[in-house]
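Q: Chains as they are written, first to last, in our numbering: chain A, 1 to 508; chain E, 509 to 1016; chain U, 1017 to 1191; chain B, 1192 to 1366.
No lab work stands behind these hints: they were computed from the structure. Beta carbons are placed, not taken as given, at the ideal position from N, Cα and C, and that holds for glycine. There's no promise every hint is true.
Residues from chain A that keep clear of chain U, each with C-beta distances beyond 12 Å, as calculated [stated by the list, open to error]:
1) Val131
2) Asp194
3) His427
Which residues of chain A face chain B? A few of them, derived with a C-beta cut under 8 Å, are [claimed, not checked]:
4) Ala30
5) Glu47
6) Phe246
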Amino acid sequence: MLKKVLVANRGEIAVRVMRTCREMGIQTVAVFSEPDRAALHTRYASEAYAIGPAASAESYLRIDKIIDVAKKSGADAIHPGYGFLSERAEFADACAAEGICFIGPSSHAITQMGEKTLARRTMIAAGVPVVPGTEQAVTDLESALKHAEEIGFPLMIKAAAGGGGKGMRRVFEASEVKSAIETAQREAQAAFGDNSVYLERYIGNPRHIEVQIFGDQHGNIIHLNERECSIQRRHQKVIEEAPSAFVDPQLREKLGAVAIQAAKAVDYVGAGTVELLMDEDKNFYFLEMNTRLQVEHPVTELTTGIDLVREQIHVASGDKLSHLETPVPRGHSIEARIYAEDPQRGFMPSPGQLSFLRQPGGYGVRIDSGVYAGYEITPHYDPMISKLIVWGANRVEATQRMDRALSEFVVNGVTTNISYLRRIVQHPAFAAGDTQTNFLEKYLDDESPAPSSTKLDVAKISAAIRQYEFSHELANRMVTQQGDSSTGGLSAWASNGRRANLRGGSYE
Amino acid sequence: MLKKVLVANRGEIAVRVMRTCREMGIQTVAVFSEPDRAALHTRYASEAYAIGPAASAESYLRIDKIIDVAKKSGADAIHPGYGFLSERAEFADACAAEGICFIGPSSHAITQMGEKTLARRTMIAAGVPVVPGTEQAVTDLESALKHAEEIGFPLMIKAAAGGGGKGMRRVFEASEVKSAIETAQREAQAAFGDNSVYLERYIGNPRHIEVQIFGDQHGNIIHLNERECSIQRRHQKVIEEAPSAFVDPQLREKLGAVAIQAAKAVDYVGAGTVELLMDEDKNFYFLEMNTRLQVEHPVTELTTGIDLVREQIHVASGDKLSHLETPVPRGHSIEARIYAEDPQRGFMPSPGQLSFLRQPGGYGVRIDSGVYAGYEITPHYDPMISKLIVWGANRVEATQRMDRALSEFVVNGVTTNISYLRRIVQHPAFAAGDTQTNFLEKYLDDESPAPSSTKLDVAKISAAIRQYEFSHELANRMVTQQGDSSTGGLSAWASNGRRANLRGGSYE
Amino acid sequence: MNKQTFVASHQKVNSEIVVEKTKDGSYLVTLDGVEHVVDAHQYEGGTWSLIIDNSSYDVELELGSESESDGEYTALVRGSVVGVTVQDERRKRLSLQEGTASQDGPQTITSPMPGKVVKILVEEGQEVEENSPVIVIEAMKMENELRAVKSGTISKIMVSEAEAVEGNAKLLIIS
Amino acid sequence: MNKQTFVASHQKVNSEIVVEKTKDGSYLVTLDGVEHVVDAHQYEGGTWSLIIDNSSYDVELELGSESESDGEYTALVRGSVVGVTVQDERRKRLSLQEGTASQDGPQTITSPMPGKVVKILVEEGQEVEENSPVIVIEAMKMENELRAVKSGTISKIMVSEAEAVEGNAKLLIIS
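Isolated chain A, as found in the complex (with noise of 0.2 Å):
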């Protein structure tokens, strides 16, 4: 078994994976980029180590500098966490060179998923059913058109390198192809480091439905059911959840064989995700294979029972997976992701300090976080707060579940989507499970409605007596009745504390 697992990542996967560690008598290694410093993950862990300034390629993207924190602290492994060098073959094969244990598949199985192009022509080689569209990445324009000509309009335009929606836009007409190849190109350089994009054949709102899959070294490898993250916006999921209620028995099986076969022609060791699309008719189309942990991993968790970081750690040792079996999904777990970030202004990220922090609790609600109140959400990352994952007996429970946790949420000092998704886990066509990837356009505005009259006669008569209480100068008497000490002496009034910018209201 492992005894020291170098965390190569940050937030709430960092904490997610040292969490498991510490259950397991595992000691942790952190490291952390000059902001980082007060990141959860970096306390959280039994050494941290620096690793350099804020910008990813200068610190979480260093292979060299990560390989050396591994040897100094005598590391015998590395998890990856998701994102950063998680899909980096060079990476697997740092590790390897230096005899410390990836914590992931191989070097070939990244190699082979990671490049989309060719794990396109892997998977048809596989027998496993692809969208239609370029089987190499497109390097001039006119090949582009050309290309986009055969598979026709609409259609995507996507990173090679890619993952997470990012260099990825869609395409109606011949005359846009141009500047989406650029803006694509564009964000695929900065986020991957790799400006190559191809075609594929747009499918018209379909669902996103994914499969779990684990393998071991011993040549096993099962599907742990599948999940649906239909609910996008700008190919960023918002809202996943497990067992999809698209999906009945007989189909839940012949997806798990579908991503076993996907899996088993890269010979993949460890926890991956084969990610499909899924068209009104049932027909399923391979889109990619994420070779790591998904940030929805925790829906999986708690309709199987199977604490997959326990399990890839298990795994990486040279155990056999626990389960031969896959687990008949039990319940129902609906994960949301809580953002610092502004629905009614484009979702625009809202950096800040969490001027206050209330999760929620009970029965059924799981929270995983990286942050704690005081805690200042930076513009280097990604504008994450929160993941909010609840379990119910069936999908009704775990909907009114995740509506009630997401009332007790409170972040004060930024701008968050919380309101966003609640008006989501709300709406008739979510409990309907209309749920394919268009969800957000067609039913929901990015305004809120307008409050209802005594929401709005609450607040009047608050600020009310706050204005009255200040400009009464009576604070003092206030705080002291019950009132958070840590205010000190300080009048609450005077204190800038929970003063924030708790946006998305309109001022008269």
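Once you've looked at the hints, dock chains E, U and B against the given chain A.
A: Only chains E, U and B this time, still in chain A's reference frame:
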């Protein structure tokens, strides 16, 4: 379905019930005593009504006031929680008289099970095994001594109206009977308003095993497996788990059958618990039946997937049980009760303001709490801070997760039992399942072990740097970087917020 | 004087609101002529807990401007974010005058966070509609369009494409 | 002067500890002759985060006495509660004198919270061993035994059985 539920309780259980109500779209009504204006249940409810001063006898135990609030608010049901009025037949009767649905069993069942000597007789008649002892309450010392000789020493003196270890005393010889009865009577009078006590044979170092049962209004009664609550201090449960490591499927079936037999004897409707004592040879005896939700009900929820409060509400509304067969227990769940109390000072309650509170999170961790940072634990009620409940695929994983979650739990401002709880779950005897009711006496000192030299060094270094900064008055610089801005412009040193009596360390 | 009259406004609709503190520490609040008994406290380091005629509300109340006395608040009430302004009569008159003036003046578009200018979608002298995109900033790995806060003419552009900008940097002015 | 020497004590064992702040804001700390590089910050409204020679610790540090300058701390370090006293040399000498005096003097037993005296287990003039029970207080529905903090003689009893007492009420004195 019910529309508005009054919760005649306070603290975590009131919040627990309201959470499920909120999920089901049911309005909630809180009642609160004067010091509980700031309590979470008062803030969480849709409506809140003051019902009197701190003393329970003047507020939470006042049936008349609570019924008044129910009528005034238009509540169609009352949930009693645990403790307070939950096992008072006259409360159920008062609800019935006003046409308000009492979410619990009939007043007949409460009476039959509430008075312990009557319950013993009822169980004997129903063929349920009981511990040998007096069938009636003892009234005078002379007859008590006579009964004591018949039963033999050691024996137990117990409050007839009791529960939760109050008014309970163990007696080793005849000379102790007098003072033990007096103490038990005094405690019983204070706790339950009834000083009747009875005598029972003492079962040496048994396990405390209890079976969750559930009945509906259509005559269906099922059991939802057992919980083990053997880790007790002075008959107060400290750690609870489900399933019991000592119970195999055959024994589980036998226990369940006996529990159903007990429940059927009183035509039981709703959630109830049959408590049993089990000796080393797996003989078991009826101890008492609690005709309400238990504190430790979450471990059953996490291993069966049934929201017991939701089920209570459905049953009270006239629905059939959601499960007519007992689910096989899935994985393992453990609950630890986090108290504001000082293990180093005889577990003396430690009331005070929670100047800082960080509750754990992540996979398999559930927090049921009625507090928040800044909340004051008053001396008027149980000093419980939170219930921490974990789930794991098996007992080992659950135990490791509990230890990890406890390691994340930080409470400042009051002394807690957190490190004491960690010593329990880290103990090899706990891992071995050697969990008789004398576990704590046998295996745990009240004194915490000396810190390792590394931790001692860390404490010295921290304190020295703190003292260095204090004496250099460089305070302001430290705060600005990333500190919680709720201290406003105040120097961190000048702020009292985080200065509190985290006791248990020994000063030089 | 323990009774005070305010004007509460939301989306240009005004209500009269009278607050009176009673001896027991609670409030009598008359809003649009309807009287409410309100028990109000701050807990948890700032959250307002209000019991209004026996209905219980947790309210997060944040100042919407730098100055306390402006009376601009954003309230989070049971999941809804509501902006209200509460001012006493005298103050109200003043801010109305200021308010009108500032709405008509030139508006500066600033960068909400550090980032890079990806594309400038307008030219100096160009007329723009309120809410139309004017500039694209890349920050936190995403491209974000900033929009015109009012209709008008682009009077000045202070940055160029590919330029790195700080948070709050002035980007362009609409007159 | 950015270098300072302290005496750190735990259970009557003293260590010399030298703290020096470096230009980059971190500390050089020499404890019992061993040098450590320490990066220390306060986050989350008070929790100390220390990286000591690349080992990461969250430390809750609470004052053990009313006065900042006493240097008494209770530290929560990875689940262990550790009491330490850190004083500079001059202060250390002072407190040693005081400390010795106060250990020998009469000790007052006080009620840790409001409650009721259930039973007084000693009489005035009675000799008691350190840690033996002297009085039973009922509070929060539980009976709690208070114990002698030192061996000595019960010189005074200020309460009687069944009496209600406030938090911190003086109960009895051991000389």
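Q: Against each hint, give a clear statement of whether it holds in the structure.
A: Against the structure, the hints:
no. : hint   : result
1   : Val131 : holds (25 Å)
2   : Asp194 : holds (15 Å)
3   : His427 : holds (14 Å)
4   : Ala30  : holds (7 Å)
5   : Glu47  : holds (5 Å)
6   : Phe246 : violated (43 Å)
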